[in-house]
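K.L.:
In case you want the letters, here they are:
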Amino acid sequence: MSPETVTPAASPAAPDRGDRSRARARAARHHTYLVYGTRVLLLVGLIGLWEGLARAAVIDPFNFSMPSKIWDQAVQWALHGTPQGALWEQVWYTLYEALLGWVIGVFGGVVLGITLGRIRFLADVLGPYIKVLNALPRIVLAPIFLIWFGLGPASKVASAVVLVFFPVFFNAFQGAREVDRNLVANSRILGASNRQVTFQVVIPSATSWIFTSLHVSFGFALIGAIVGEYIGATKGLGLLVAASQGTFNASGVYAAMLILAVVALLAEGLLAFLERRLFRWKPADAGDGR
Amino acid sequence: MNRHTSPAIELRGTSKAFRTPSGAPHTAVRDLDLVVGRGEFVAVVGPTGCGKSTTLTLVSGLEEPTEGEVLVAGEPVRGIGDKIGFVFQQDAVFPWRTVLSNVMAGPRFRGVPKPEARQRARDWLARVGLASFEDRYPHQLSGGQRKRVALAATFVNDPEILLMDEPFSALDVQTRALMSDELLELWSGTGASVVFVTHDLEESIALADKVVVMTAGPATVKEVFAVDLPRPRKVESIRLEPRFLEIYREIWSSLGEEVRITRERGAAHVA
Numbered sequence: 001m002s003p004e005t006v007t008p009a010a011s012p013a014a015p016d017r018g019d020r021s022r023a024r025a026r027a028a029r030h031h032t033y034l035v036y037g038t039r040v041l042l043l044v045g046l047i048g049l050w051e052g053l054a055r056a057a058v059i060d061p062f063n064f065s066m067p068s069k070i071w072d073q074a075v076q077w078a079l080h081g082t083p084q085g086a087l088w089e090q091v092w093y094t095l096y097e098a099l100l101g102w103v104i105g106v107f108g109g110v111v112l113g114i115t116l117g118r119i120r121f122l123a124d125v126l127g128p129y130i131k132v133l134n135a136l137p138r139i140v141l142a143p144i145f146l147i148w149f150g151l152g153p154a155s156k157v158a159s160a161v162v163l164v165f166f167p168v169f170f171n172a173f174q175g176a177r178e179v180d181r182n183l184v185a186n187s188r189i190l191g192a193s194n195r196q197v198t199f200q201v202v203i204p205s206a207t208s209w210i211f212t213s214l215h216v217s218f219g220f221a222l223i224g225a226i227v228g229e230y231i232g233a234t235k236g237l238g239l240l241v242a243a244s245q246g247t248f249n250a251s252g253v254y255a256a257m258l259i260l261a262v263v264a265l266l267a268e269g270l271l272a273f274l275e276r277r278l279f280r281w282k283p284a285d286a287g288d289g290r
Numbered sequence: 001m002n003r004h005t006s007p008a009i010e011l012r013g014t015s016k017a018f019r020t021p022s023g024a025p026h027t028a029v030r031d032l033d034l035v036v037g038r039g040e041f042v043a044v045v046g047p048t049g050c051g052k053s054t055t056l057t058l059v060s061g062l063e064e065p066t067e068g069e070v071l072v073a074g075e076p077v078r079g080i081g082d083k084i085g086f087v088f089q090q091d092a093v094f095p096w097r098t099v100l101s102n103v104m105a106g107p108r109f110r111g112v113p114k115p116e117a118r119q120r121a122r123d124w125l126a127r128v129g130l131a132s133f134e135d136r137y138p139h140q141l142s143g144g145q146r147k148r149v150a151l152a153a154t155f156v157n158d159p160e161i162l163l164m165d166e167p168f169s170a171l172d173v174q175t176r177a178l179m180s181d182e183l184l185e186l187w188s189g190t191g192a193s194v195v196f197v198t199h200d201l202e203e204s205i206a207l208a209d210k211v212v213v214m215t216a217g218p219a220t221v222k223e224v225f226a227v228d229l230p231r232p233r234k235v236e237s238i239r240l241e242p243r244f245l246e247i248y249r250e251i252w253s254s255l256g257e258e259v260r261i262t263r264e265r266g267a268a269h270v271a
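As they're listed, the protein sequences go chains A and B. The first sequence begins at 1 in our numbering and counts up one residue at a time. The second sequence begins at 1 in our numbering and counts up one residue at a time.
Worth flagging that the hints you see were computed from the coordinates, not collected in a lab.
Computed, partial: chain A to chain B, Cβ under 10 Å:
1) Leu-183
2) Pro-204
3) Arg-280
4) Lys-282
EDC-like, lysine to aspartate or glutamate: derived pairs with alpha carbons at most 20 Å apart:
5) A:Lys-282 - B:Asp-135
6) B:Lys-210 - B:Glu-250
7) A:Lys-282 - B:Glu-134
8) A:Lys-282 - B:Asp-91
Positions of the beta carbon are idealized from the N, C-alpha and C atoms, including for glycine.
All chains, please: the whole structure from these sequences, using the hints.
P.N.:
See below:
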């Protein structure tokens, strides 16, 4: 460092401060590594323990299977197809039913939730009925849908819809109800019609409420689709579970579970990504500006 | 009072009662008579919670009076008029809209085409000194900047009547003085009639042509004082003038009594 290029005032303090912030960054990095390392270790330990105990016949591998067998089963399905057809087809079917059910349920929930949130009379009239329907454990409707709509995807979509609808509906309703009264008053003063208040004030401020329910409800949609398939279907991961169970193939049940978890995580990630894009106006991610 | 034209705002024997959550009626405003001339800046002062804000909601058409009449430009108020601008105490900007889009909201609601609305919004943003902030979201602004957005969003509609409900009470003292000056400047070009509700007597004298003192709730007009300070005014310097202090003393002798009554009632509640 030549003295001509360095500003003299900064030099005594800067290295010290640099050192300290560097040390802090190092400590933070260390912490992250430690957390990740321990996580991996925990997973490996648990799987190893399972595998070891099963191989040593401490636990019965027939009932409890073991990780290597589950992996083999998953690989075998992926490469050579399942008894019901290609694995991707099963995944696609389940995903298709869950997604379709989710979209319909979300749409219905949002529309009805906002409508009832805006129109007090409707809310007063329909309120008790919705409460009763919500109190019903809706998964018991799956067999009825099977009778109504048959073995095809329609019955699974229907059970996904009823599971998704209610949480979304209640959140949208609450969101529409809890809109800042000031904001509504202000927009009406600024000249907004009722329609404009609904679409440009109520719906945007309810979106954060709705989005919280979207995360939960996608899980519900998967449950609806899987349970529907489990009860009776011609294709899908739920059917895979049911068929594996029917042949006492514990590895098959676990492998299907594993695949489901991966699918659910991917969908969740996609949703989180969308949410970040949509909520740029929120203070939560204010730090970096944009 | 100037009756040669129909005044901008006129309240005649107006009362407003609300139903409290417990079901008992609560009278916020009782038998209120008030006249605001065209282009006049009227400040309404009174003890906290006496029903000043209710008066504004009656003029705006957000609420209807239980009794009496509210006239705007000689016409009884029916619903929210398009000549009204309202600046609220709390932030009433849309958090999901950018600054520019917030200011465009009013004209867009009223069916102004987008390019023209954008032009007008930019114009007002420049006047409140936020031209370079148009892409920001409200949460990225300071309290004073958000208030400026609210002012721009109100003025962009060219209101003939401007209702302000303690608009600067949430700001710190320096920002407040600055905003008061800016408000006077923005207002001076428009010829709008202003009703400015506050509990800060200094602020009201510095801004207004006329100070209306309200009684402890239920609110009714106690006394009206003319403020004969010359315009244009600078809020920081005008409060040092002897005439200002004279007016202040005069009004406080009237307002102080109502404040004491409110305070005693509060104490009685606590006891």
